[in-house]
Structure formats: structure tokens, C-alpha cells
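Asks: Just so you know, the protein sequences line up as chains A and B, in that order.
So for the first sequence, this note's numbering puts the first residue at 1; every next one is plus one.
So for the second sequence, this note's numbering puts the first residue at 1; every next one is plus one.
Keep in mind that the hints were calculated from the coordinates and are not lab data.
As the structure is a prediction and not an experimental result, all values here were calculated from the model.
Just so it is clear, CB atoms sit at the ideal spot from N, CA and C, and this is done for glycine as well.
Hints should not be assumed to be uniformly reliable.
Some chain B residues close to chain A (C-beta under 10 Å, calculated; not the full set) [as the list claims (entries may be wrong)]: (1) N23; (2) L96; (3) T109.
Here chain B is said to cover these stretches of chain A; the calculated rule only asks that three of the stretch's residues, wherever they fall, bring their Cβ under 8 Å from a Cβ of chain B [to be verified]: (4) 30 to 38; (5) 70 to 82; (6) 114 to 128.
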Amino acid sequence: MSARRILTGLALLAAATSAASGQTTATQTVTFQVDAINQINFLGGPSLVINTAAAGSNPTSVTAPATWAVTTNQSGAKITASIGSAMPAGVTLSVSLTAPTGAASAGSNSLSTTAVDLVTGITKVAEGPLAVTYSLAATAAAGVIASTTRTVTYTITGGT
Amino acid sequence: MVTALLLLSSRAVRAQTIVVSGNPAALKITTAVAGSQPASVSDNSTTYTVVTPNPANRTYKITAQLNAPMPTGVSLTASLAAPAGATSVGAVALDLTARDVVTGIPRQTNATRTIAYQLSATVSAGVITSSTRIVTLTVLQFP
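Please work from the sequences and hints to get the whole structure.
Replies: Put into C-alpha cells, the structure is as follows:
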């Protein structure tokens, strides 16, 4: 082996033994998921009092406002509503919900013990407050009704 | 004929190192306040240990990156507490790019600090079944 080759080899060995600062790493595995989320909230405890009429006409209906809010990360969710017990004969309680973006409101619907669709097609939204409008109507046949209450139960049914 | 006197010297120089205590607990977004985006969740159960060597006039930094992007509408941030003399960048949104999370780590550092992860999602992300990402932490001399 020539002297030149020997010296070349030694030079390479010298370079190899000087440490170069290197990068070092560590890893972590992060596991995550997002579950189906469907949340609604209603604010307000409206009071509805029918106390007048135009002569010759049934008593004058009244309205009262409230608000609601919704969050869903699914597509095609809907809101239904029902009351715990039937309204007195001749008295009708109705409600209308303003729909969030992209959804459809069914308008004002009378409430009963059977759930009725109020808003449909709710898709991936987080909105509120949105308007709620309660309406109370009574015919003369209903007579006088002392202060009474009904609990309205709203339900969000998730989509897909 | 070549004549030369070659002085050989070798020295063992410790490289900077980083290790982690394990994997964080699974991050699960499950609820929201009606009218608001889903509630974020976090985990700060893991730590990292960084060791830097002695050479003078050197500082080090730690970067973090993912092996794949997060789903649309989902964000994973990491915040690493800084060793003495260093600076934490705070919560950093992680992606495929190596991003500084701790800077200015002095030489001769040997410290264990907390790693805090936070998962956030908007409603537009939809439902996401259990998924994983690998976070790579790198300690390197800088500048």
C-alpha cells in the first residue's frame, strides 16, 4: 500500500472520530376522536294571557318570545316538541322556531302530547340565540282558565 | 514519496438527546355548549427529558411535527414547558412542518418538563372515529 493511500485513510479516520452534533428525536402516538354531538338549549319562561277580544270575534291571541341555541356536528338533525299534557278544550298553544343556517322551520305548530317537527335539516351548525315565538289562542267556548302551566319538551334528533 | 506527520486525536462528544415518558391519553371531543363549537379537550400527562452537551456558545431548540395532517376542522396543539434558561413558544398547532416549540435551550441542560396537548374541532369536522397521529420531537443545535 502506498504512503499516499495510508495517509488518505488516516485522514478519513481522523474526520470520522470527531463528533458532529446530530439531531435526536422522540415520538409520541396521539389518539383522538370526535363523537356525535347534538345539543340544544332554550331560554325564557314566557307568560301568555288572553284578556280581550274585538266584540263579535273570538278572544284575541297573544304571543311571547323566547330564544334557543343549537350545536350539531351531524347532517340532517331535527327539532321536535311536545307538551306533557293536553291543553284545555278550546285553547291552543303554538310555537315557531327560527331555523339555523341551512335548516328549515316548519313555522308555527300547535303543541300536543305528540311530538311535532319544528325544524328539520339541521347540518353542522353552532348557532344561537335564535328566536322562539309562542302563541296562545282561545275560543269563547274555552271559558275562563286560571293560571296554569305546560312544560314544552324539545328534542334534537341527530342526523348522520 | 510522501512524508507527513499526521496527528490523530479523537474525542467523545455527547450529542443532545430527547426522550418522552410515553403516549398521552386518548383525546375525545364529546360535547358542546348549545350554540357554541364543540368543547376542546386536553392532556398533560406526559413529559419530555432533554439533555444538551457542554460545547461553549451553543444553544438548542426543540421542534415538533406530525406524520400526517389533522382532519379538516380538527386542530392538535402541543405546548412544551421550557427548561431553565429556555423559552417555550406556547401552544403550537401541529402539522407536517417541524415547528419550534422550545427555543434557546442552554448547554449542559438536563431537564424534564411537561407536554400539554389540546384537541379542538369545529362542527364542520363532523364525527371522526378513533384515529392516531405520530408526533416527532426533535432537539437540535440552533443557531
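Asks: Taking the hints in turn, state whether each one holds.
Replies: Each hint tested on the structure:
1. N23: Holds. Min distance 5 Å.
2. L96: It is violated, given that the least Cβ distance between L96 (chain B) and chain A is near 14 Å, above 10 Å.
3. T109: Violated: closest Cβ of chain A sits about 13 Å from T109 (chain B), beyond 10 Å.
4. 30 to 38: As far as the segment 30 to 38 of chain A goes, the hint holds, because 8 residues have Cβ atoms under 8 Å from chain B.
5. 70 to 82: holds (count 6)
6. 114 to 128: holds (count 5)
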